Amino acid sequence: MVGYVFRKVFHTAFVAFGVVTLVFAALRLSGDPAATMLPGDASVDELGALRRQLGLDRPLWLQYVQFLGGALSGDFGTSFRHQQPALPLVLERLPATLELAGAALLLAVALALPLGILAAVYRGRVVDVAAMAFAVVGQATPYFWMGIMLILIVSVELGWLPTSGRGGLERLILPAITLGTHFAASLARLTRTSMLEVLGQQFVTTARAKGLSEWSVVLAHTLKNAAVPVITLIGLQFGTLLGGAVVTETIFAWPGVGRLAVQSVFVRDYPVVQAGVFVLALTFVAINLLVDLLYGVLDPRIRRE
Amino acid sequence: MSKALALPAPASARRRAVPWTVVVPAIPVLAAVLLAVLAPWIAPHSPTSGNLALRLRPPVWQEAATADRLLGTDLLGRDLLSRLIWGARVSLLIALAATVIGAVVGSVVGLVAGFYRGTVDTVLTKLIDVQLAFPFVLLAIAVVAVAGPSIPVLVVVLAIGAWVGHARIVRGLVLSLRERDYVQAALALGAGTPRILVRHLLPEVLSTIIVLATFDVGRIIILESTLSFLGLGVQPPTPSWGSDLRDAAAYVRQAWWTAAFPGIAIMLVVLAINLLGDGLRDWLDPRVK
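Which chain is which? The protein sequence lines are A and B, in order.
In terms of this note's numbering, the first sequence is residues 1 to 305.
In terms of this note's numbering, the second sequence is residues 1 to 289.
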């Protein structure tokens, strides 16, 4: 297990390094940040001054080294709009984003696992058809559109829940449904497939032959063995959830990192965009490490690979 | 029986029996493509110039509607149906372009990595790992923040999001295919690498690529509409389903139809494309999960 943990941590460090490099490449190679930040009528002198201030006049490799150094020490520059260092500004908003993504994840798991298990156990019956119809339609529905429709129906027409902001459970419900449903759809589908695969194996037949009740076969024997692909998907999809949080936060005026990053694009607050993308990407990398370690615990076979 | 020994069904027999699981979802997909192609002739009104006297009219079945504005009008008095039809053009074109670029780049990378193995493969696999560790929307935000929002930038960004899946799966297939006797025989006969890649390996993985690409089109339509909704994609006044929803979200209280119909359009098209992908997969390529 120690060797496994070591390998995974090393791999994560490598991926984190790659992610930092990718952020650098995306932000520096796709255009001139100085030109993007200044208004269209800025003079050549102003442009040159800003390029010097941002260090864009230096050779690319030096910029990269300085970017790495800045990332390591948490220095992403100062927000133009808020006149404070960019990183604390982003970190301040991180709990809100994690709260939203966490709630959506819980909701998705609470919905998808029972649905997927029931669909597999009652294969071909009404539950199965209904669950898979939910999965197929859910995967085709853009979540931001679902958010708008939820606001329209639940908040505006019915007046049941507030439309925006953070604070209290009643403000969390709609954003969590918006963000969680799409994920629940793919998770339910995978849970069903994974359960069906395990239900066909010999140890399940043995458990049944021993005279165990069907539900103890399903819950005690099958579920644990079907868990690895499901947990893998949960880990992989957390990135999609963080990405989705960007959109959901925008619809519901949820004060998270994603909304801050998108707003910063429009006001050309480049250091904040940089810090926001960086923090969310690293959060995702850290969560994937946790998932890797978790299924090393669940499935001893994985540790030896 | 080993897969390598199984004789493939004669191509003619496979082609004759197109299953209903492919035909049925293909109909709405083709209809959407046809609408998109024929937009200039089919759309009843201009998608970009509105009639301010007819602002925010509801769909025809409601009171206060205008008879020749079937799905109502938006804030600027533009015909919603016409914008949807023109929007199909923009959204489908972007999704197709990004899918093709992503599929070609990803397949080439996958073929090369799987065939050469060794260092090339290790480097490319790490690259794939890193990109998979990067939520796509964030990458898009970073690029658009610097390059500015425009359709070419959007296509490139979406293609960057699509190539990884192809690279990973094609690589996996090629790793095992290259050990097959017929490939080894071709090598022994002195066939060059490009010939083996194109004549012997590509045809084997082509059906997988087609299935993946079909799902990609659906996924990319949603991603494009998401980015356009955030204001990072297609810019007004160009009609696109996502950017229309961006405007509509602001006044959804006054005019539900402006938000409802573009979303339904996206949902139906993506649903049909995903079902088509399912059908194609079962028909052409049972290997992909």
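Just so you know, not all the hints are guaranteed correct.
Stated by the list, open to error - Below, computed lysine to aspartate or glutamate pairings styled on DMTMM-like, alpha-carbon distance capped at 20 angstroms:
#1 B/126 <-> A/292
#2 A/224 <-> A/157
#3 A/8 <-> A/299
#4 A/224 <-> A/299
#5 A/8 <-> B/129
#6 A/224 <-> A/197
Said to hold, decoys possible - Between beta-carbon pairs, the in silico distance windows are:
#7 B/18 <-> A/228: 49 to 55 angstroms
#8 A/167 <-> B/198: 33 to 39 angstroms
#9 A/46 <-> B/192: 54 to 60 angstroms
#10 B/18 <-> A/298: 53 to 59 angstroms
#11 B/118 <-> A/6: 23 to 29 angstroms
#12 B/283 <-> A/303: 56 to 62 angstroms
#13 A/110 <-> B/251: 31 to 37 angstroms
#14 A/219 <-> B/192: 56 to 62 angstroms
#15 B/253 <-> A/42: 50 to 56 angstroms
#16 B/68 <-> A/219: 28 to 34 angstroms
#17 B/24 <-> A/122: 24 to 30 angstroms
Stated by the list, open to error - Just so you have them, the derived chain B footprint on chain A, three or more residues with Cβ under 8 angstroms:
#18 120-127
#19 136-142
#20 148-159
#21 214-220
It should be emphasised that the hints constitute simulated quantities derived from the structure, not laboratory data.
Every value quoted in this text rests on a predicted model; they were computed, and no experiment measured them.
Beta carbons: idealized from backbone N, C-alpha and C, even for Gly.
Comparing the hints with the structure gives:
1. This hinted pair checks out: residue 126 of chain B and residue 292 of chain A have alpha carbons roughly 17 angstroms apart, not beyond 20 angstroms.
2. Between residue 224 of chain A and residue 157 of chain A the CA atoms are separated by roughly 43 angstroms; this puts the pair beyond 20 angstroms, and the hint is violated.
3. For the hint linking residue 8 of chain A to residue 299 of chain A, the alpha-carbon distance of about 15 angstroms falls within 20 angstroms, and the restraint holds.
4. Note on residue 224 of chain A and residue 299 of chain A: the hinted pairing holds, with a Cα-Cα distance of about 9 angstroms set against a maximum of 20 angstroms.
5. Between residue 8 of chain A and residue 129 of chain B the alpha-carbon distance is near 13 angstroms, which keeps this suggested pair within the 20 angstroms criterion.
6. For the proposed pair residue 224 of chain A and residue 197 of chain A, the alpha carbon gap of about 13 angstroms is at most 20 angstroms, so the pair holds.
7. For the hinted restraint 49 to 55 angstroms between residue 18 of chain B and residue 228 of chain A, the CB-CB distance of approximately 37 angstroms leaves it violated.
8. A C-beta distance of roughly 60 angstroms is found between residue 167 of chain A and residue 198 of chain B, which places it outside the suggested range of 33 to 39 angstroms.
9. Here the CB-CB span from residue 46 of chain A to residue 192 of chain B is close to 56 angstroms, well matched to the stated 54 to 60 angstroms.
10. Distance hint check for residue 18 of chain B and residue 298 of chain A: the Cβ-Cβ separation is about 43 angstroms, which falls outside the suggested range of 53 to 59 angstroms.
11. In this structure the hint that residue 118 of chain B and residue 6 of chain A lie 23 to 29 angstroms apart at CB holds, the actual value being about 25 angstroms.
12. The supplied range of 56 to 62 angstroms is broken by residue 283 of chain B and residue 303 of chain A, whose beta-carbon atoms lie about 39 angstroms from each other.
13. Checking the proposed 31 to 37 angstroms range against residue 110 of chain A and residue 251 of chain B shows it holds: the Cβ atoms sit about 34 angstroms from each other.
14. Hint check: residue 219 of chain A to residue 192 of chain B, Cβ distance near 57 angstroms, so the stated range 56 to 62 angstroms holds.
15. At about 39 angstroms, the beta-carbon gap between residue 253 of chain B and residue 42 of chain A misses the expected band of 50 to 56 angstroms.
16. For residue 68 of chain B and residue 219 of chain A, the hinted distance range of 28 to 34 angstroms is not satisfied, since their beta carbons lie about 60 angstroms from each other.
17. For residue 24 of chain B and residue 122 of chain A, the Cβ-Cβ distance of about 25 angstroms falls inside the hinted range of 24 to 30 angstroms, so the restraint holds.
18. Remark: the segment 120-127 of chain A is not confirmed as covered by chain B, as 0 of its residues place a Cβ nearer than 8 angstroms to a Cβ of that chain, below the required three.
19. Using a Cβ-Cβ cut-off of 8 angstroms, 6 residues of the segment 136-142 of chain A lie near chain B, which meets the minimum of three, so the contact claim holds.
20. With 5 residues bearing a CB less than 8 angstroms from a CB of chain B, the segment 148-159 of chain A meets the requirement of three and the coverage assertion stands.
21. Judged by the Cβ-Cβ criterion of 8 angstroms, the segment 214-220 of chain A is not covered by chain B as claimed, because only 0 of its residues qualify and three are needed.
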